[in-house]
Amino acid sequence: MAIIKQALISVSDKSGVLEFARGLHELGVKMLSTGGTAKLLADNGIPVTEVADYTGFPEMLDGRVKTLQPKVHAGILARRDLPEHVATLEKHNIPTIDLVVVNLYPFAATVAKPGCTLEDAIENIDIGGPTMVRAAAKNHQHVAIVTDPLDYSSVLSEIETNGGVVSDATCFDLAKKAFSHTAAYDSAISNYLTAVNEDGTVGAFPEQINFNFAKVQEMRYGENPHQSAAFYRELVAVPGSIANYTQLQGKELSYNNIGDADATWELVKTFDQCACVIVKHANPCGVAVADTPLSAYRLAFATDPTSAFGGIIAFNRTVDAAAAEAVAQQFVEVVIAPEYSEDALKVFAAKPNVRVLTVPLSNAHNQYDFKRVGGGLLVQTPDMLNVQSDQLKVVTRVKPDASQLQDLLFAWRVAKYVKSNAIVFCKNGQTLGVGAGQMSRVDSTRIAAIKAKNAGLNLVGSVVASDAFFPFRDGVDVLAEAGAKAVIQPGGSMRDAEVIAAADEHGIAMVYTGYRHFRH
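Under our numbering, the first residue of the sequence shown carries the number 684, and numbering increases by one thereafter.
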């Protein structure tokens, strides 16, 4: 249990520190500080002693050495329950430091700036700060360590309420946060430095990669009831990512809910037009763009009403009452949108089990994609490529018209989010049939056509996207038989000439992108 008589405050992030220090002063706590923090407190009339005055040693080596001194660290590390520790402090006239308030130089923010040099990065590696944090956290039975400004008010309240004491439970919780804080800091330094090449440039992949995630929640189970699971969020989640969700209503999100919600949201936010995406088991089963959320939803749902049952639905526009009423007529697990009208929320309130989420719209994306394998981790940059019309190469005698070209680009964008082998039939900004995850591309083509037929949709005049090249002409024969009139694919097969000839035989326009979109 920490009895707070003296605090050391030295923070890079100064948000809230004035109010906190003023509160400590009013409770009779003496304060030590360094550099800019000491000046800030003094300039605002808060009594404070400079660490240099306290230790009798000035800051030196351009500020590299400030707190690395026995009078500081003995005061932090001494165990108050060991007579020999107490005697040592008395012998050397060292008071205890009972509260350490420290956060670290902004290393991650520094290296993220354009033009940051290795020298700039090195100078923003904090030494004294992490040392104090770790010392206080190690001795948490006697010292409270605060690294997060969000904890200021609760710590201050506890000191005031408990007669100057911070409880053992709180000190232990603060220590855990402190070690996590220094772990994240060291991870950022390691990730940066091990990516620096001999010429000083920074490579895409560090020699050692470290990541830090905070647990958001434990879940009832994982993909299956016999598996345990939890959801973790990056310490600074990418803007606009599913990790930034706010749940407005509904049951607790499950492991599969979050996985499918991520797939749904990542696709819908790529569209500039008003769009709706429906995902089931990680694959889009309906996607459409239209003038309103209601129209987009109706078109997306019409693609595959059977698969949409119990799916995840996302919009990239504010959901109004009309769209909400249409969605609420079906069984849906999760609805995601940037915003909802008040009337739309009233509609969903009548369906209390439906999980309704908001996520801010942003085109930002993760730095890396990961896949866990036995004993290792596969790491790649995310697939953010969206080809434009001027990048397409027409390889057939028939050329796509303007409407077909627009649909081809729409289909290509959808195919990127469908498990390979991916085949997507589209027309007029609506998916008509999706074939996903088959070992054979021709089987995916057949399945996509069957799904369209089962939904009562006409494929005559449709366009098709294939996420990778057609290895044989049979896939083209199947889509032509279904009524498709244009195809977009990467090209690059040994039998490209045979595939192009098949398209010419069927009077189909075919364009190459030069890029594939495998999604395993």
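None of these hints come from the bench; they were simulated from the model. Do not take every clue at face value.
Stated by the list, open to error - Straight-line Cα separation of at most 27 Å, DSS-like style, residue types lysine-lysine; simulated pairs:
#1 Lys1082 to Lys1054
#2 Lys1102 to Lys1076
#3 Lys859 to Lys963
#4 Lys1029 to Lys1054
#5 Lys860 to Lys963
#6 Lys796 to Lys774
#7 Lys796 to Lys688
#8 Lys713 to Lys697
#9 Lys1029 to Lys934
#10 Lys859 to Lys688
#11 Lys821 to Lys754
#12 Lys713 to Lys934
#13 Lys1076 to Lys934
#14 Lys859 to Lys934
#15 Lys898 to Lys754
#16 Lys821 to Lys859
#17 Lys722 to Lys774
#18 Lys697 to Lys774
#19 Lys796 to Lys754
#20 Lys697 to Lys934
#21 Lys1034 to Lys1082
#22 Lys859 to Lys898
#23 Lys796 to Lys697
#24 Lys860 to Lys754
#25 Lys796 to Lys821
#26 Lys1029 to Lys1102
#27 Lys821 to Lys934
#28 Lys713 to Lys796
As the list claims (entries may be wrong) - The calculated label-pair distances, taken between Cβ atoms and stated as ranges, are:
#29 Asn1046 to Ser1086: 19 to 29 Å
#30 Asn895 to Glu1181: 46 to 56 Å
#31 Arg1055 to Lys821: 31 to 41 Å
#32 Asp764 to Thr732: 52 to 62 Å
Glycine included, each C-beta is placed from N, C-alpha and C at the ideal position.
Item to check | Hint numbers not upheld by this structure, sorted from lowest to highest | outcome: 1, 3, 4, 5, 6, 7, 12, 13, 14, 15, 17, 18, 19, 20, 21, 25, 26, 27, 28, 32
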